[in-house]
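Participant: Here is what each chain is made of, one letter per residue.
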Amino acid sequence: MSDSDRIPWERDYERALERARNEQKLVLLDIFNPG
Amino acid sequence: MTYPDDSVVSAMLANAIPLQIDNTNKDAFTMLHRLHHIWTPDIRVLDHNGDELYRWDGFLPPSEFAARMLCGFAMAHLRSKRFEQAEKLYVDVLRRFPATHAAPEAQYYLGVARYRNDPEGDDLTAQWLQLRSLYPSSEYRLKQYFKEQPE
Numbered sequence: 006m007s008d009s010d011r012i013p014w015e016r017d018y019e020r021a022l023e024r025a026r027n028e029q030k031l032v033l034l035d036i037f038n039p040g
Numbered sequence: 165m166t167y168p169d170d171s172v173v174s175a176m177l178a179n180a181i182p183l184q185i186d187n188t189n190k191d192a193f194t195m196l197h198r199l200h201h202i203w204t205p206d207i208r209v210l211d212h213n214g215d216e217l218y219r220w221d222g223f224l225p226p227s228e229f230a231a232r233m234l235c236g237f238a239m240a241h242l243r244s245k246r247f248e249q250a251e252k253l254y255v256d257v258l259r260r261f262p263a264t265h266a267a268p269e270a271q272y273y274l275g276v277a278r279y280r281n282d283p284e285g286d287d288l289t290a291q292w293l294q295l296r297s298l299y300p301s302s303e304y305r306l307k308q309y310f311k312e313q314p315e
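From first to last, the protein sequence lines stand for chains V and P. Numbering-wise (this note's numbering), the first sequence opens with residue 6 and increments by one. Numbering-wise (this note's numbering), the second sequence opens with residue 165 and increments by one.
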């Protein structure tokens, strides 16, 4: 099983911040290179 | 990036919204410039305002990654003055990942979290004594070295 299957990644920065605000959580940002 | 075992994924999802950004995506270039991105993997812990509270670059094997991530969440709570949440995560690092490179950081800041939560307590000294004993060669031992000097 890939990480993408196990982890529901957000791809939109602003939406992640909004969810963090609403759910009273932090944001774990992973900037990656697909190569 | 390999995210390790299910318990770590659970800890991630309990504490944070996971956000991935592809650094080859042209739509993200402006934001990546603003974030001073330079290397991958580039991991940040942000609050809901986008303020960065912890970061590291570079690959880590699973147990090191897990411990570093938990230290990142703990530091984010500590900097936000949520001392009991920080303490809980540092204790978790020391219980589950005592041999990792992140463990001395957890030992050091466990004392700080408890001190900031209760300045009248004596747990800063106790945790730093433990640090000296368990991680004598770590950078964090140096950071408390002034406590080892004679009065």
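Derived from the structure by calculation, the hints contain no laboratory data. Wrong hints could be hidden among the right ones.
To be verified - Per the computed footprint, the stretches of chain P lying under chain V, defined by three or more beta-carbons under 8 Å from a beta-carbon of chain V, are:
#1 193–201
#2 230–241
#3 279–289
#4 298–306
Unchecked claim - Computed list of lysine to any residue pairs in SDA-like fashion (alpha-carbon distance at most 25 Å, straight line):
#5 K190(P) <-> T204(P)
#6 K30(V) <-> D221(P)
#7 K30(V) <-> K190(P)
#8 K30(V) <-> Q249(P)
Said to hold, decoys possible - A few chain P residues facing chain V, derived, Cβ under 8 Å:
#9 S171
#10 V172
#11 V173
Since this is a predicted model, take the numbers as computed values, not measurements. Every residue, glycine too, gets a C-beta built ideally from N, C-alpha and C.
Participant: Confirm or reject each hint.
Facilitator: Evaluated hints:
1. For the region 193–201 of chain P, the stated coverage by chain V is satisfied: 4 residues place a CB nearer than 8 Å to a CB of that chain, which reaches the threshold of 3.
2. Against chain V, the region 230–241 of chain P contributes 4 residues with a C-beta closer than 8 Å to a partner C-beta. That satisfies the three-residue criterion, and the hint holds.
3. Counting residues of the region 279–289 of chain P whose beta carbon lies closer than 8 Å to any beta carbon of chain V gives 0, which falls short of the minimum of three for the stated coverage.
4. Check on the region 298–306 of chain P: 0 of its residues sit with their Cβ under 8 Å from a Cβ of chain V, so the three-residue criterion for coverage is violated.
5. Only pairs whose Cα atoms come within 25 Å are accepted, and K190(P) paired with T204(P) is accepted, the gap being roughly 16 Å.
6. A threshold of 25 Å between alpha carbons decides the hint, and for K30(V) with D221(P) the separation of about 22 Å falls inside it, so the pair holds.
7. Restraint check: the Cα-Cα separation between K30(V) and K190(P) comes to about 28 Å, which exceeds 25 Å; the hinted pair is violated.
8. A hinted pair counts as satisfied when its Cα atoms are at most 25 Å apart, and K30(V) with Q249(P) qualifies at roughly 12 Å.
9. Interface hint status for S171(P): violated, as the beta-carbon distance to the closest one in chain V is roughly 12 Å, over 8 Å.
10. Because the beta carbon of V172(P) sits about 10 Å from the nearest beta carbon in chain V, more than 8 Å, this interface hint is broken.
11. Interface restraint check: V173(P) against chain V, minimum CB-CB distance 6 Å, threshold 8 Å, status holds.
In the structure shown, a violation is registered for the earlier hints numbered 3, 4, 7, 9, 10, in ascending order.
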